[in-house]
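> So the chains spell out like this:
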Amino acid sequence: MKRKSVHEPEAKLMSAADVWDDAQQIAEVLRQNLLKAEPAVQLQVPLSVFLSALDSLSQDELVLLRQRVEERLAA
Amino acid sequence: MAQTKHTGRLPGATYAVSNTGPLISAFQSDSFPLLAQIFAALHVPGACIVELERHGWEEELLAAMPKLVPLELTADEEERALTFAREIAQHPDTSDPVVENHLGEAQAIVLALRPEYRDDLLLLDELAARAIAKEAGLKVSGFPGVLLLATQNGLISAEELKARLETCRQQGTHYGAKFVQQVHTMAKQGRRIK
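Same order as they appear, the protein sequences are chains C and B.
In terms of our numbering, the first sequence opens at residue 75 and continues consecutively.
In terms of our numbering, the second sequence opens at residue 25 and continues consecutively.
Next up, chain C with everything else stripped away, as it sits in the complex (with noise of 0.2 Å):
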């Protein structure tokens, strides 16, 4: 374990509900650029393939749409 110094040991920090704000900043200003990256066409996808392709999603991509939807749900 490294010993060495802090700066500012004192400093008033954020609270934990700024920090789910920022990890939230973090992800659109992510996302916002990875857009820009490459164009983006808009498609119309029936509700039914939306939902048949849940199957095809990996344990740890479930969990992101879990929390997505947790989300959306308690908004």
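None of these hints come from the bench; they were simulated from the model.
From the three backbone atoms N, C-alpha and C, an ideal C-beta is built for every residue, glycine too.
Each hint should be verified, as a subset may be incorrect.
[Said to hold, decoys possible] Pair ranges (Cβ atoms, derived):
#, chain 1, residue 1, chain 2, residue 2, range
1, C, Ala148, B, Gln114, 53 to 63 Å
2, B, Gly200, C, Leu117, 41 to 51 Å
3, C, Gln141, B, Gln61, 16 to 26 Å
4, C, Asp129, B, Val122, 54 to 64 Å
5, B, Gln205, C, Val137, 14 to 24 Å
6, C, Glu84, B, Arg104, 23 to 33 Å
7, C, Gln106, B, Thr98, 25 to 35 Å
8, C, Asp95, B, Arg33, 19 to 29 Å
[As the list claims (entries may be wrong)] Here are some chain C residues pointing at chain B (derived, C-beta under 10 Å):
#, residue
9, Ala85
10, Gln98
11, Ile100
12, Ser130
Here the structure of chain C is known, so what remains is to put chain B in place on it, guided by the hints.
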């Protein structure tokens, strides 16, 4: 070692300008590779490099290059940074009224205000500097926010997040035990606390 300008930009990539605090947290918890995975590069102003060296992080600084890029400010930018440092020193959320002690955050704010960073992020943990940076229109995040994003994207588990924040806390970074627990809970439950 330091450049004046950030040249060249990868398409679709996001860059971060960072202050000293988030980098020390990243070094304490061996999280710099994670930051380098999320951001194309981290750009750091000269005053922060001086602070990092003063606190004994030279070895980690060197190991972090070329993903960590030291940048020098112009004379005009250094003047602007001094103004920001005064504002931070007078802010109600700081207990340190010494202007020079806020030069790192102030230089990071001025660097992030360059037009080439308009789509990027500024990493700052200190409350007063974050408030000033947001007033200046910057998109701000702290080191714990990067860790939380990493859990949300499946890069690390909620338990790893907790362990990393706890490591920082034990080494003197001012993350309280309750704060670490709350961030861990959000990472596990996938929802914001009130």
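> So, for every hint listed, does it hold in this structure?
Hints, one by one, checked against the model:
1. Separation of C:Ala148 from B:Gln114 is about 38 Å and departs from the stated range, judged on CB atoms against 53 to 63 Å.
2. The given range of 41 to 51 Å is respected by B:Gly200 and C:Leu117, whose C-beta atoms sit roughly 47 Å from each other.
3. Checked against the hint of 16 to 26 Å, the C-beta distance between C:Gln141 and B:Gln61 comes to roughly 20 Å, which is consistent with it.
4. The hinted range of 54 to 64 Å is satisfied by C:Asp129 and B:Val122, whose Cβ atoms lie roughly 60 Å apart.
5. Under the hint 14 to 24 Å, the C-beta atoms of B:Gln205 and C:Val137, about 21 Å apart, fit the expected range.
6. A C-beta distance of roughly 27 Å is found between C:Glu84 and B:Arg104, which places it inside the suggested range of 23 to 33 Å.
7. Judged by the Cβ atoms, the range 25 to 35 Å given for C:Gln106 and B:Thr98 holds: they are separated by roughly 28 Å.
8. Between C:Asp95 and B:Arg33 the beta carbon distance is about 26 Å. The supplied range of 19 to 29 Å therefore holds.
9. The beta carbon of C:Ala85 comes within 4 Å of a beta carbon in chain B, closer than 10 Å, and the hint placing it at the interface holds.
10. The interface hint given for C:Gln98 holds, since its Cβ lies 8 Å from the closest Cβ of chain B, which is under the 10 Å cut-off.
11. Checking C:Ile100 against chain B by beta carbon gives a least distance of about 5 Å; that is within 10 Å, so the hint holds.
12. Here the hint on C:Ser130 is broken, as its CB sits about 16 Å from the closest CB of chain B, past 10 Å.
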